[in-house]
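2 protein chains.
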Amino acid sequence: MTESNKPRLEVCLSPALLHLYDVKSSIVVIIDVLRATSTICTALANGATKIIPVATVEECVNIGRQLEAITAGERDGKIAEGLKHGNSPFEYSRDFIEGKVMVLTTTNGTKLLHMAKDAVQIVTGSFPNISAVCDYLVAQKQNVILGCAAWKDRVNLEDTLFAGAVVSRIREHFDVSCDSAIAAETMYEASKGDLFEAMKNATHFKRLSNFGLEADIRYCLTADGANVLPVLRNGELVLG
Amino acid sequence: MTESNKPRLEVCLSPALLHLYDVKSSIVVIIDVLRATSTICTALANGATKIIPVATVEECVNIGRQLEAITAGERDGKIAEGLKHGNSPFEYSRDFIEGKVMVLTTTNGTKLLHMAKDAVQIVTGSFPNISAVCDYLVAQKQNVILGCAAWKDRVNLEDTLFAGAVVSRIREHFDVSCDSAIAAETMYEASKGDLFEAMKNATHFKRLSNFGLEADIRYCLTADGANVLPVLRNGELVLG
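Chains as they are written, first to last, in this note's numbering: chain A, 1 to 240; chain B, 1 to 240.
No lab work stands behind these hints, which were simulated from the structure alone. Here a beta-carbon is modelled for each residue, glycine too, at the ideal position from N, C-alpha and C. Do not rely on the hints blindly, as some may be mistaken.
[Claimed, not checked] Incomplete in silico selection of chain A near chain B, CB under 7 Å: (1) 153; (2) 154; (3) 177.
[What the hints assert, rightly or not] To give a feel for the contact side, a few chain B residues facing chain A, derived at Cβ under 8 Å: (4) 17; (5) 154; (6) 160; (7) 180; (8) 186; (9) 191; (10) 193; (11) 231; (12) 234.
Using the sequences and the accompanying hints, generate a full structural model.
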């Protein structure tokens, strides 16, 4: 019954549960599907030199000014006051972002990223870079925590679905003795035929679609549109 | 899109997330499928006069002595040292429990029950009393939190599946704007054809089946074997 020769693959459904996991011995994948981590891989795939995740809007403004960088981020799904750009992946075309530094703050994703700072390695995951994430995790042969950013600590559907998609793809390489991972995988398997349809009941879908962002949501649920691996090095997200 | 004329139905997947919910304005259903809440309805259905849930083994022993009551409970899935009985529903046949008081402490369920003390009403739910729980919730027309006891704060499959079963049965009477509720329902719908089979990968299944308790698990996943409603009154669980 034990598969002790394989590393562990676990899913943490909310930052408020992260203390229950052994972060220090694991690679942590930060998951904030709508939309921070989808935007992060998109910006890097389109040539951003690096992305600096910060906790507050104030830091974002200050660091942005010092570095003459793009300041981006949202609070409650909208561009945060004082910042120039939001966290829609469509804002970060190659024309716009290539060769530039981006400073990013979001409601949930950047918070979790800072909480996981003691991990062996932090990377970010989303459907647009799912293959890059899975290839990396399989190659490392280390314990993995798929960390859902959630919504103000409440479990959300989109991050859970992505975690489940990763479990579904790579479970044979890992010991999956984590009910959250099994639950996420079951959710994904039940929904993968039409993720967009499955998302229509999600609270964040309603929040975003109220702002007219359905194209964002479709992009953020589609595999491999920006298939690169963002890794955290010295507090900055760069291509892995 | 709003259904504000209906009360809210939400699912809390772990006690560590309960602070995110408005307990004071809600009925809370305590869910500890394997095995505390399955055993609670079974003991009451078989004639126990009341069940006193306590946090510690010491309290259990002391109150049991004062009241000449049955002391029951487990730690980590086994009968706790110093107690006479475990929390297998099969220990509480009518012959044994009728007319008696039971003092109960468990790893997870009794903890959540005490955390939810400010709720409008606390009841306990499990597959053996799912119909009684659903009928009650529909009749009350109040906000509901389905509170999973989980396993030492980690989300578990069996409590999530039960919460999903309740959502599936009564969602038309409620406003379900809670991703955890939608996730639990999706899980249940994907697994309901054979809950026992679905549970075979669960961490707690392995924990219990190591102790030879598969008959317990089958009973605890079967609807309406002890279809009564335990409600908390003055700190005691009695028939509703």
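Given residue 153/A was flagged as interface, is its beta-carbon under 7 Å from a beta-carbon of chain B?
-> Residue 153/A check passes; min Cβ-Cβ to chain B is 6 Å, inside 7 Å.
Restraint outcome when residue 160/B is required to lie within 8 Å of chain A by C-beta distance | holds (6 Å)
Should the interface hint for residue 193/B be scored as holding, given a Cβ-Cβ cut-off of 8 Å against chain A?
-> violated (12 Å)
Would the hint on residue 234/B stand, with a C-beta cut-off of 8 Å toward chain A?
-> With a minimum Cβ separation of about 32 Å from chain A (threshold 8 Å), the hint on residue 234/B is violated.
Does residue 17/B meet its interface restraint, that is, does its C-beta lie within less than 8 Å of any C-beta in chain A?
-> holds (6 Å)
Regarding the hint that residue 180/B lies at the interface with chain A, is the smallest CB-CB distance below 8 Å?
-> holds (5 Å)
Satisfaction of the residue 186/B interface hint, Cβ to chain A closer than 8 Å = With a closest approach of 5 Å, the residue 186/B hint holds.
Chain A contact restraint on residue 191/B - CB to CB distance below 8 Å = holds (7 Å)
Against chain B, run the beta carbon of residue 177/A and see if the smallest gap drops under 7 Å.
-> Nearest chain B Cβ about 6 Å off; hint holds.
Restraint satisfaction for residue 154/A [CB to CB of chain B, less than 7 Å] = holds (5 Å)
Should the hint that residue 154/B touches chain A count as held when the rule is a Cβ pair under 8 Å?
-> holds (5 Å)
Let me know if the C-beta of residue 231/B comes in closer than 8 Å to any C-beta of chain A, holds or violated.
-> Violated, because the Cβ-Cβ distance from residue 231/B to chain A comes to roughly 27 Å (cut-off 8 Å).
Checked against the numbered hints given earlier, the structure breaks hints 10, 11, 12 and satisfies all the rest.
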